[in-house]
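J.: Sequence:
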Amino acid sequence: MEYGRMKTIKLLITQINNLSRFIEIKCFLTRVFLYFIKMYLEISKYKRIK
Numbered sequence: 004m005e006y007g008r009m010k011t012i013k014l015l016i017t018q019i020n021n022l023s024r025f026i027e028i029k030c031f032l033t034r035v036f037l038y039f040i041k042m043y044l045e046i047s048k049y050k051r052i053k
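Numbering of the sequence shown is given in this note's numbering, commencing with residue 4 and proceeding in unit increments.
In case anyone wonders, no lab produced these hints; they're calculated from the structure. Hints are supplied without guarantee of correctness; some may be wrong.
Claimed, not checked - Only pairs whose alpha carbons sit at most 30 angstroms apart, straight line, appear in this in silico DSSO-like list of lysine-lysine:
#	residue 1	residue 2
1	Lys13	Lys41
2	Lys41	Lys10
3	Lys41	Lys29
What the hints assert, rightly or not - Each pair of labels, with its calculated beta carbon distance range:
#	residue 1	residue 2	range
4	Gln18	Ile52	50 to 60 angstroms
5	Lys50	Ile16	28 to 38 angstroms
6	Arg8	Met42	32 to 42 angstroms
7	Leu14	Ile46	28 to 38 angstroms
8	Arg34	Tyr6	56 to 66 angstroms
9	Ser47	Thr17	37 to 47 angstroms
Don't be surprised by glycine CBs; every beta carbon is placed ideally from N, CA and C.
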């Protein structure tokens, strides 16, 4: 019985770790995406001025 409980807890911890890693990757991709949008807007603004 104890062994089964330990296994369940370990599985839960693994899933939580995977989820947090997935969220970190999503946040990173969102930051990169926003950065590229900002760069694109800056470049288009610069071209309009010229």
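J.: State for each hint whether it applies.
T.: Tested hints:
1. Lys13 - Lys41: Measuring from Cα to Cα gives roughly 42 angstroms; hence the hint is violated.
2. Lys41 - Lys10: Answer violated: Lys41 to Lys10 is near 47 angstroms, above 30 angstroms.
3. Lys41 - Lys29: It holds: about 18 angstroms lies between the C-alpha atoms, which stays within 30 angstroms.
4. Gln18 - Ile52: 50 to 60 angstroms: Holds, at about 51 angstroms.
5. Lys50 - Ile16: 28 to 38 angstroms: 51 angstroms, violated
6. Arg8 - Met42: 32 to 42 angstroms: 52 angstroms, violated
7. Leu14 - Ile46: 28 to 38 angstroms: 48 angstroms, violated
8. Arg34 - Tyr6: 56 to 66 angstroms: 42 angstroms, violated
9. Ser47 - Thr17: 37 to 47 angstroms: 45 angstroms, holds
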